[in-house]
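Residue-level listing of the chains:
2 protein chains.
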Amino acid sequence: MMIVSNTTVAPLYLERVKSALTQFEVDEVILPDGEEYKNLETLNLIFDALLSKRHNRTTTLIALGGGVVGDMTGFAASCYQRGVDFIQVPTTLLSQVDSSVGGKTAVNHPMGKNMIGAFYQPKAVIADITVLNTLPQRELSAGIAEVVKYGLICNTKFYGWLNANMEALASYDAQALTMAVELSCLDKAAVVAKDEREGGIRAILNLGHTFGHAIETNQGYGVWLHGEAVAAGMVMAADMSWRLGNISQQDVHDLQSLLKRAQLPCIPPAEMSNQDFIDLMQVDKKVLDGKLRLVLLKSIGEAVVTSDFSADTLHQTLAAGKQLGF
Amino acid sequence: MMIVSNTTVAPLYLERVKSALTQFEVDEVILPDGEEYKNLETLNLIFDALLSKRHNRTTTLIALGGGVVGDMTGFAASCYQRGVDFIQVPTTLLSQVDSSVGGKTAVNHPMGKNMIGAFYQPKAVIADITVLNTLPQRELSAGIAEVVKYGLICNTKFYGWLNANMEALASYDAQALTMAVELSCLDKAAVVAKDEREGGIRAILNLGHTFGHAIETNQGYGVWLHGEAVAAGMVMAADMSWRLGNISQQDVHDLQSLLKRAQLPCIPPAEMSNQDFIDLMQVDKKVLDGKLRLVLLKSIGEAVVTSDFSADTLHQTLAAGKQLGF
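As they're listed, the protein sequences go chains A and B.
Take any residue in the first sequence, count from 1 to its spot, add 21: that is its number in the numbering used here.
Take any residue in the second sequence, count from 1 to its spot, add 21: that is its number in the numbering used here.
One or more of the hints may lead you astray.
One copy or two, it doesn't matter: identical chains are merged, so the pair holds either way.
Claimed, not checked - Taking lysine-lysine pairs in the DSSO-like style, the calculated list, with each CA pair at most 27 Å apart, reads:
| no. | residue 1 | residue 2 |
| --- | --- | --- |
| 1 | K144 | K281 |
| 2 | K144 | K312 |
| 3 | K178 | K281 |
| 4 | K215 | K74 |
| 5 | K281 | K74 |
| 6 | K319 | K215 |
| 7 | K178 | K312 |
Hints were generated in silico from the structure; no laboratory data involved.
Treat the numbers as computed from the prediction; the structure is a model and nothing was measured.
Start from the sequences, fold in the hints, and give me the full structure.
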């Protein structure tokens, strides 16, 4: 076994995990912390460690950390000796509610996020709510963005619960966190089970992500947290959904209020031009046959993947985000 | 579509392939030629090209070249945007009879060959015998090593045919080559169909490869051709099989003669010590739970994967290879 962790999480939880595995031979590799290290070079540190410790095809990798550690460990597991087992032990809210479940693994490329990866399922996901106590507020909030996403795309009742419980959730209340993690994982698993390799419906999990990825890439990986960019992206998707007549302007404002209560940003960076967005969104994986497809809301609680919108509408949303902050 | 080729093959055949695809948008990326470039860095050149030309999930990669191009293109296809289609157009005998069929893709790591990769099947394999006319003799011979392998592991009749037709085969006779490619692919496909992910029987395709990989790694990738190392490795496996009482010493000598007629080496490099082999064989993927497993011959035409041999027998084979040239 090889535990893969990073310089932030390892000092906090590595020994706790190792002490639970004393009957196994356990090696470790500690990666630098941050989205900016989620690349082929850092991935190679995992291969270096596995090979220098002579791990073979029967080894199991354990991802102890947030989404970056999970994505890289999963991808390393998918291609080390053409595939070994791995287990996710997510230590951030974001990874507990999203990236650890569903088998998407990847690293970034300078020209695009998550461009190199694999669909590869973990053998188990072990989410311990108590580790969230050491998570900085900004990262807790970033995780809440993805929690809100599940309400928006497929679960009106959950969205109502979030509106009633956002303060508890954003202030680390254990009961609220347990509920949020459980419901998020159930919603995500239900969507992924229908479409593991993202041929169709799974893409609704990317609500806000095409806009969000453009923000992350423009700002440089790691400057905006993924969840923060998704929060702003979800507001942009909601704004477009309103312009297309699917939801009300009040729905958009309510979403902004909910995200603000979670201490999340809900407008894109002021300096990003419409063209910046257009350029960066074109290389996103949701571009099919040259036509940009976006995840939009059909209603609060139902999402749709569509390219059925005019360039004008898109430009209006981009301009609104930049000039007015909605 | 993106054709992936190398600096040797592209000047010969790139235009021919492109002229058959005029109804498609076809880009190309030309890699440096050689096993020493089969690494993550060169792989990244494929990703760079795909991203700068904005290829999306619906693209198809075409591997135009030998095993190195095929292995890298297949692995790139398996992980570009988490998986796109690819087609093998193998231009060496080695890749036509072996690497293009079966879905093993990979790049090397400084600490071991093919350590990073995926099981990922091509949508089609298109083997044109006429391209072998431009293949240097040394590479034709290297391909014949893998052809001989099929006879040894699973096809006594084919082994007999090879003994009767080796001179024709080694001198580019089109009829002999057609027969050899067809029978090799049939044999390989039959083995892979039983065990795609190499949980068991597929490993017999690695006859000679554990010894061979040790030779390649020791000499530096690209100094010995893969097929040359496999040829010497098969003789070592045959020598061990004789020492274990499975085949006769005459069988070993006959194999050496057959390989020599194909202008293949059949002893390992003189400077490699027993310890060099032991060290390098331990990191091979066939090491399971710390125990070295080897593909050996039960008889001519039947292989077995086994760890049922003494260290003494292995050392005798290693010493025989080094001191006596068998």
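Hint-by-hint comparison with the structure:
1. K144 - K281: neither (36 Å within a copy, 49 Å between copies)
2. K144 - K312: Classified as between: cross-chain Cα gap 25 Å, same-chain 36 Å, threshold 27 Å.
3. K178 - K281: within (20 Å within a copy, 75 Å between copies)
4. K215 - K74: Intra 39 Å, inter 32 Å, cutoff 27 Å: neither.
5. K281 - K74: This pair counts as neither: shortest intra-copy Cα distance 47 Å, inter-copy 39 Å.
6. K319 - K215: For K319 and K215, the Cα distance is within 27 Å only inside one copy (19 Å; across copies 47 Å).
7. K178 - K312: Classified as neither; 33 Å inside a copy, 55 Å across copies.
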